[in-house]
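Peer 1: If you read the sequences in order, they're chains A and B. Using the numbering used here, read the first sequence as starting at 1 and increasing by one per residue. Using the numbering used here, read the second sequence as starting at 1 and increasing by one per residue.
A portion of the hints provided could be inaccurate.
[To be verified] Here are a few chain B residues that face chain A, going by a calculated C-beta distance under 7 Å: (1) Gly-108; (2) Glu-153; (3) Leu-158; (4) Met-194; (5) Leu-196; (6) Ala-227; (7) Ile-256; (8) Thr-442; (9) Gln-466; (10) Val-477; (11) Glu-480; (12) Gly-490.
[Unchecked claim] Here are the simulated DSS-like cross-link-like pairs (lysine-lysine), alpha carbons at most 30 Å apart as the crow flies: (13) A:Lys-97 to B:Lys-195; (14) A:Lys-126 to A:Lys-184; (15) A:Lys-126 to B:Lys-126; (16) A:Lys-184 to B:Lys-126; (17) B:Lys-62 to A:Lys-195; (18) A:Lys-126 to B:Lys-184; (19) A:Lys-195 to B:Lys-97; (20) A:Lys-195 to B:Lys-195; (21) A:Lys-62 to B:Lys-195; (22) A:Lys-62 to A:Lys-97.
If you're looking for bench data, these hints aren't it; they were derived computationally from the structure. Each residue gets a CB set at the ideal place from its N, CA and C atoms; glycine is no exception.
Protein chains: 2
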Amino acid sequence: MTLLAPLPQFEATAQSVRAVPVAVAMGDGIGPEIMGACLAVLHAGGAALAIEEIELGETVYKEGHSSGIAPATWDVLRRTKLLYKAPITTPQGGGYKSLNVTLRKSLGMFANVRPTGAYAPFVTTKHPGMDVVIVRENEEDLYAGIEHRQTDEVYQCLKLVSRPGTEKIVRYAFEHARRNGRGKVSCFSKDNIMKLTDGLFHQIFDAIAREYPEIETDHWIIDIGAARLASNPGQFDVIVTGNLYGDIISDIAAEIAGSVGLAPSANIGAHGAMFEAIHGSAPLIAGRDVANPSGLLLAGVMMLVHAGQPKVAERVHNAWLRTIEDGVHTADTAPAAGGGTLVGTQGFADAVIARLGQMPRQLAPVHYADAPPVAPQAEPPARVRAEKHTVGIDVFVHWDNHDAAELAALMQPSGAGVLDLTMISNRGVKVWPGGMAETLTTDHWRCRYMACPGVALNPAVLAELQLRLARAGVAFVKTEHLCTFDGVPGFSLSQGQ
Amino acid sequence: MTLLAPLPQFEATAQSVRAVPVAVAMGDGIGPEIMGACLAVLHAGGAALAIEEIELGETVYKEGHSSGIAPATWDVLRRTKLLYKAPITTPQGGGYKSLNVTLRKSLGMFANVRPTGAYAPFVTTKHPGMDVVIVRENEEDLYAGIEHRQTDEVYQCLKLVSRPGTEKIVRYAFEHARRNGRGKVSCFSKDNIMKLTDGLFHQIFDAIAREYPEIETDHWIIDIGAARLASNPGQFDVIVTGNLYGDIISDIAAEIAGSVGLAPSANIGAHGAMFEAIHGSAPLIAGRDVANPSGLLLAGVMMLVHAGQPKVAERVHNAWLRTIEDGVHTADTAPAAGGGTLVGTQGFADAVIARLGQMPRQLAPVHYADAPPVAPQAEPPARVRAEKHTVGIDVFVHWDNHDAAELAALMQPSGAGVLDLTMISNRGVKVWPGGMAETLTTDHWRCRYMACPGVALNPAVLAELQLRLARAGVAFVKTEHLCTFDGVPGFSLSQGQ
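Only chain A is shown next, with the shape it has when bound in the complex (with noise of 0.2 Å):
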């Protein structure tokens, strides 16, 4: 917390490039004293960061904001549009709401990025190929957190997926990829099963990809790529995803290779974007010069290069490699093999500070583009209007009984000769016409009404529809309209339809 002495120093240093505002979080437990190795070593790095300290976390959460982050906060975010931010604790006990929450919906971070690497011999892996970097959509996705139980027995949640959204995240993984040196980027969906949703994942990926003619691509489907994830790392360079699928694998990557000392984090948005390690503040060991300061380095040199100072970026990281390579370890990474020199936090630091000019001569160095930052867009994309027609309806009924043929009795008379009733699915398996004898149902059932032959449909048109399906007594509980799209049916048909 008693930080701010060095920062004039810091800025005189890097005079040629004009320094870039950071808003800094010392953060609680291990924060402070890793945070100051970490800043010390970007300082002698080169780095020109004009740093404002702001306050995160307990000693916030513990004056009553619920959020750990005081509404005076905000404004230095605002400004900076940067925060370098070491962890920090959350109180014990209920009423305490998520920071990284707050912080990632107030400032629309769209993207989170995960590298994991394995610096074998060094540092000890089952896996020691890996240098994997996960690019996670973080806003949309199941994760929008949209719920509704339906009748006594069936509970939904929505899967919302956009074309902005999907475009942003994809777009930002192949940026990612190029200025950070990396070759290959790979697509994770489920578009043999979500043919609409997470076909325009890959959809869009496969767009994308044609802008970027340097970079190889592949496309997994989520369960062979997670497993081929978790049994071989080293064929991944950058995976780009959907939120479900990013947590998890983003979770099995860190695990796997047996280093979440050493892990970086970013999130990334248009209005914002925020570095730290993954681990946590650690109180236990705090203030004992024990902690690893890897993590939270490592997130400096990504924010290096998203604040367009890639060329101190890759003096820091390379002489980081150098480091490990020559056995200087804190106790977290002491070498299975015995042998090495143990240091403390501070030690860490002198050690890699010591070697800034020198580069790996084991591990692949790195290197990042000289390209100017590229800030993803602020304003949302162009939106591409397709010609929608409204064809048909979706009604979901709550129902008591078991018999479709019943239901399909009592729904068909509504369609008043504008709507047909074509066809009813339980749990998406299609019940009547001809439906098995076999099928389990449940008391939710969706109800497929197709406009009659030369009906235009609109949105009167559907709302007179359930007023006489009110009026017949059926107890719809939710509509999905059915819309075609330049022609092409914007709605998945049912499993025997």
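Starting from the known structure of chain A, fit chain B onto it as the hints suggest.
Peer 2: Below, chain B alone, put in the same frame as chain A:
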């Protein structure tokens, strides 16, 4: 295909037990030879099976049946309710449907059961302690395949979780644990995010767990659980989870075990059960007596337990373990250290037969409980009715502007003193009243109306709201009624609400 000869003996051996009718598909490629080997072992072990051979797969596809099964074959499956299936070949080219999806849907097979074990040091593996069974829900979740494109920008897939579907799969997992001598069942879900759908799964798991006090239980958030499974599978025993999560983690388990050729799989339902190896028909090595019959043999062991012959299952399984221990192996599982006895498909079966009655000495012997077979309930469980009240509606609107306040002004009057517009969100984030300028908005808006004080809602009132909206020119695309069940809201709040 010439297996009918031994069948009479097969039944004669087992005079003391009533022979269980089983449909057997010899399959394609290596199918006939490994199935022949497996039946010989099961027979010698004392299995009482009344076999009816059926044709499935390549020949049937080529005869013009697009699902790989002829109509008359259904009669056999409906009678036996038990299918022992060798791998089949789906011909190249379009128009062929997945036989397994057809069988699963038609026979209502709600559970996919995948045991994965390591047999170190006898079979090379990175995870020596692994012995995990994954019980995956097979019918609902996102894989119900209900998708809608709703606007130019936004696509949706419904995730459905039902109480009876969840009760069936969770109960099956506990019954499987009890009958297979397993001491722990873990539940994987993401109920910290999806509090209604995954919350239901977790809550039903906890409730059913109380009926099995001898079985230890725990719950893992899917991302952390998958990561632990990938890094340390030895800590898990039986895992029960939803369709998508189960799809991902069962592939991870099979892949990291490093012994795909040894892994069996079962699909269990009220109207039928199917047992098979997880590997394919390997046409390149067909007819050469080199294929490993172990995966299919262990599937046969699962079938015997399922069919109420646990002691025969135990005898065969322990003889197989002893065979592996004795270094008898087919070419695919040659020990890394060399040595052992290389045999062919038939030779391997002979070696297992020669060891019937023997127990493994280093590997843990298996024990199957001599409990009566517990068939899954064919009838759906009794419905629990809650006191349900409709209290509002979410109306989703396709709107091309970006100003939420303007949309609110357009929507509000249609409430007409009956319903009050209380919130608008975009991709789950509240944007009105009081949203943040930084939130990127798509053309897909969720507008929440709640009943005005003293107003009782019903479907007709909600249809009338839509009529007014249609007249006001609002292009709504879907609705979700908001209900309380026994006083508990059946809908989530938006982020920021």
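Peer 1: Does each hint hold? Answer for all of them.
Peer 2: Here is how each hint holds up against the structure:
Interface restraint check for Gly-108 of chain B: the shortest CB-CB distance to chain A comes to about 5 Å, inside 7 Å, so the restraint holds. Interface hint at Glu-153 of chain B: satisfied, since its Cβ lies 5 Å from the closest Cβ of chain A, which is below the 7 Å cut-off. A cut of 7 Å between beta carbons decides the hint on Leu-158 of chain B: the least distance to chain A is about 6 Å, and the hint holds. Of the supplied interface hints, the one on Met-194 of chain B holds, with its beta-carbon coming within about 5 Å of a beta-carbon of chain A, less than 7 Å.
A least Cβ separation of about 4 Å between Leu-196 of chain B and chain A falls short of the 7 Å threshold, and the interface hint therefore holds. Of the supplied interface hints, the one on Ala-227 of chain B holds, with its beta-carbon coming within about 4 Å of a beta-carbon of chain A, less than 7 Å. Because the smallest distance between the Cβ of Ile-256 of chain B and any Cβ of chain A comes to about 5 Å, under 7 Å, the interface hint for this residue holds. A least Cβ separation of about 5 Å between Thr-442 of chain B and chain A falls short of the 7 Å threshold, and the interface hint therefore holds.
Proximity of Gln-466 of chain B to chain A holds as hinted, the smallest CB-CB distance being about 4 Å (cut-off 7 Å). Annotation: Val-477 of chain B was flagged as interfacial toward chain A, and the flag holds, the nearest CB pair being 5 Å apart, inside 7 Å. Below 7 Å, beta-carbon pairs count as interface contacts, and Glu-480 of chain B has one with chain A at about 5 Å; its hint therefore holds. For the restraint placing Gly-490 of chain B at the interface with chain A, the shortest Cβ-Cβ distance is roughly 3 Å, inside the 7 Å limit, so the hint holds.
Between Lys-97 of chain A and Lys-195 of chain B, the direct Cα distance comes to roughly 16 Å. Compliance with the 30 Å bound is thereby established for this hinted pair. Note on Lys-126 of chain A and Lys-184 of chain A: the hinted pairing holds, with a Cα-Cα distance of about 23 Å set against a maximum of 30 Å. Taking the CA atoms of Lys-126 of chain A and Lys-126 of chain B, the gap is about 9 Å. The hint holds against a cut of 30 Å. For a cut-off of 30 Å, the pair hint linking Lys-184 of chain A to Lys-126 of chain B stands: about 27 Å separates their Cα positions.
Our distance criterion of 30 Å between C-alpha atoms is met by Lys-62 of chain B and Lys-195 of chain A, whose separation comes to about 27 Å. Under the criterion of a C-alpha separation no larger than 30 Å, the hint pairing Lys-126 of chain A with Lys-184 of chain B is consistent with the structure, at around 27 Å. At roughly 16 Å between alpha-carbon atoms, Lys-195 of chain A and Lys-97 of chain B fall within 30 Å of each other, so this suggested pair holds. For the hint linking Lys-195 of chain A to Lys-195 of chain B, the alpha-carbon distance of about 26 Å falls within 30 Å, and the restraint holds.
Among the hinted pairs, Lys-62 of chain A with Lys-195 of chain B is consistent with the structure: their alpha-carbon atoms are about 27 Å apart, no more than 30 Å. As the CA atoms of Lys-62 of chain A and Lys-97 of chain A are separated by approximately 12 Å, the hinted pair is consistent with the 30 Å bound.
Of the hints listed earlier, there is not a single one the structure fails to meet.
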